[in-house]
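One letter stands for each residue in the lines below.
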Amino acid sequence: MKNNSQEAIIDIKNLQISFGNQDVLKNVSLQLFNGENLVVLGKSGSGKSVLIKCIVGLLESDSGTIDVFGENVNTLNGSKLNNLRKKIGFLFQSGALYDSMTVKENLEFPLHRIRKNLSQQEIDSKILEALENVGLADALNKMPSQLSGGMRKRISLARTIVVDPLIMLYDEPTTGLDPVTSDEISTLINEVQKKYKTSSIIITHDIECARATANRIVMLQDGEIYMEGDLAAFENSKDPLIKAFF
Amino acid sequence: MKIVIPATKDIVRGNSLIVSEKAIAQTHIINHFLTDIANVCLFFVRFIKQSFTPNHEFKEFFKQCFQIGYKSLPLISVTGTIMGLVLTIQSRPVLANFGAESLLPGMVAVSLIREMGPVITGLICAGKIASSMGAELGSMKVTEQIEAMEVSSTNPMKFLVVTRVWAAVLMIPLLVLYADGLGILGSWAGANLKGDVTFSLFFAQAFSHIDFYDLIPAVIKSFFFGAVIGLVGCYKGYNAGRGTESVGIAANSAVVIASLLVLIVDVIAVQITDMIG
Chain V
0 MKNNSQEAII DIKNLQISFG NQDVLKNVSL QLFNGENLVV LGKSGSGKSV LIKCIVGLLE
60 SDSGTIDVFG ENVNTLNGSK LNNLRKKIGF LFQSGALYDS MTVKENLEFP LHRIRKNLSQ
120 QEIDSKILEA LENVGLADAL NKMPSQLSGG MRKRISLART IVVDPLIMLY DEPTTGLDPV
180 TSDEISTLIN EVQKKYKTSS IIITHDIECA RATANRIVML QDGEIYMEGD LAAFENSKDP
240 LIKAFF
Chain X
0 MKIVIPATKD IVRGNSLIVS EKAIAQTHII NHFLTDIANV CLFFVRFIKQ SFTPNHEFKE
60 FFKQCFQIGY KSLPLISVTG TIMGLVLTIQ SRPVLANFGA ESLLPGMVAV SLIREMGPVI
120 TGLICAGKIA SSMGAELGSM KVTEQIEAME VSSTNPMKFL VVTRVWAAVL MIPLLVLYAD
180 GLGILGSWAG ANLKGDVTFS LFFAQAFSHI DFYDLIPAVI KSFFFGAVIG LVGCYKGYNA
240 GRGTESVGIA ANSAVVIASL LVLIVDVIAV QITDMIG
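Residue numbers (numbering that gives the first Met the number 0), protein chains in the order written: chain V, 0 to 245; chain X, 0 to 276.
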């Protein structure tokens, strides 16, 4: 979806990161354009999750630049990094719901910190809206331990969208879910893109999720970009590695 | 210089330094130990820095005070009462041999307030609170909840660590005083098992042997017990590894190290009190 004003809101150049002697990302360069869903495909351990953790500054890269809305993440710290993070929603692989809080408190937590000017009434209404969007309005007072895997993912998605982020980063959103629930999550990702006008990076190795959500696909292999293109280019590829996925 | 690994002894041969496997293993242990010490210091500096920077998490602090203080009351009640009861039952025959049975309330009160109350409560809290902090923060780390906080523009150090450590610093001295009180009550019950002494007489005798010099050092060292228990529990949980196994390791090592440090702090406190006194 590069045609949507061609504006790169995330611009990664020559990103390198290693843990000990292991090079996880080697010279990775990619862009996320305004309004698009970019799927990053790859085998487990290819550096996909590390890539998006670098984007929100959870991990520091060894070299290269990550510009998000024109600001280099590597040079930001403290309040400036927090201000940038307010524009980014991150759906963790495990959901990362706070075990000691109810669903309502889980959703209130980022709102109290990111949207400080909201009244309690506005907060309650935003929480209800986010829960309705993921189809779980009745789970308001449940604890995370009372939810199934798919419900946890959806509540986690609600917690992410409740603060109206401009960019969504999904870390393996369908991992560990059955095909029906995976399909529901993929549909939700598309709905979030349309309703909240977000741009997204979706990290996955689930090809059905990639098919359902991708405007553009980047494939990582051993920490390097192996192929970049649209869904048709990947489906028509004769490369054995690509064919193994599609 | 070329390093060749394994030979049995360290030999310098020309430009090559042949290093034994044992020496390399020892270097790794020392390296690991020094890195650990540096990480602990860094954690402590971050804790101090975050404690005195604005936007304090008061709601979470009071929640932790409730968790650490109120929820420890049943365990501390039982421990404190039994401590006084057993001390009385064990000491009574010895004092009776010397015809000093009337000193029993005073002796028990001084033992409880100066030493047994703080140390036993400290050790019990090290077991209950440090393990709970290590396990809770460790599982939060494993399930990416700490990272989720960070991306929600929340400083996890301030929200999770600062609140828990200060709650432990504040609550453990209160638990110690509570355990002391119940210990003296348990002692009175113990004294009545084989005798008949009124509540008011027992307490008057007990408190006639105690002054602020007994109480203040005990309370001061309890603050340090709280700091040690909170810091060790949080450090171990916050720095747990990635797998679920690391949660157990964090909880276990938090208890062991916190208990050991409580005893070390106690020895230092006793020495200082002795020097001042």
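A couple of the hints might just be wrong.
[Unchecked claim] Footprint (simulated), chain V over chain X, 3 or more residues, beta carbon under 8 Å:
id	stretch
1	133-146
2	241-248
[What the hints assert, rightly or not] Think about it this way: if two alpha-carbon atoms lie no more than 16 Å apart in a straight line, the pair counts; the simulated EDC-like pairs of lysine to aspartate or glutamate are:
id	chain 1	residue 1	chain 2	residue 2
3	V	K25	V	D221
4	V	K85	V	D163
5	V	K79	V	D66
6	V	K85	X	E146
7	X	K62	V	E104
8	X	K58	V	E223
9	V	K193	V	E227
10	X	K193	X	E100
11	V	K25	V	E70
12	X	K58	V	E107
13	X	K62	V	D98
14	V	K25	V	E223
15	V	K42	V	D221
16	V	K141	V	E171
17	V	K115	X	E56
FYI, nobody ran anything at the bench for these hints, they're computed from the structure.
Using N, Cα and C, we set each Cβ at its ideal position, and we do this for glycine too.
Indices of hints not satisfied (ascending)
Violated hints: 2, 8, 9, 11, 16; rest satisfied.
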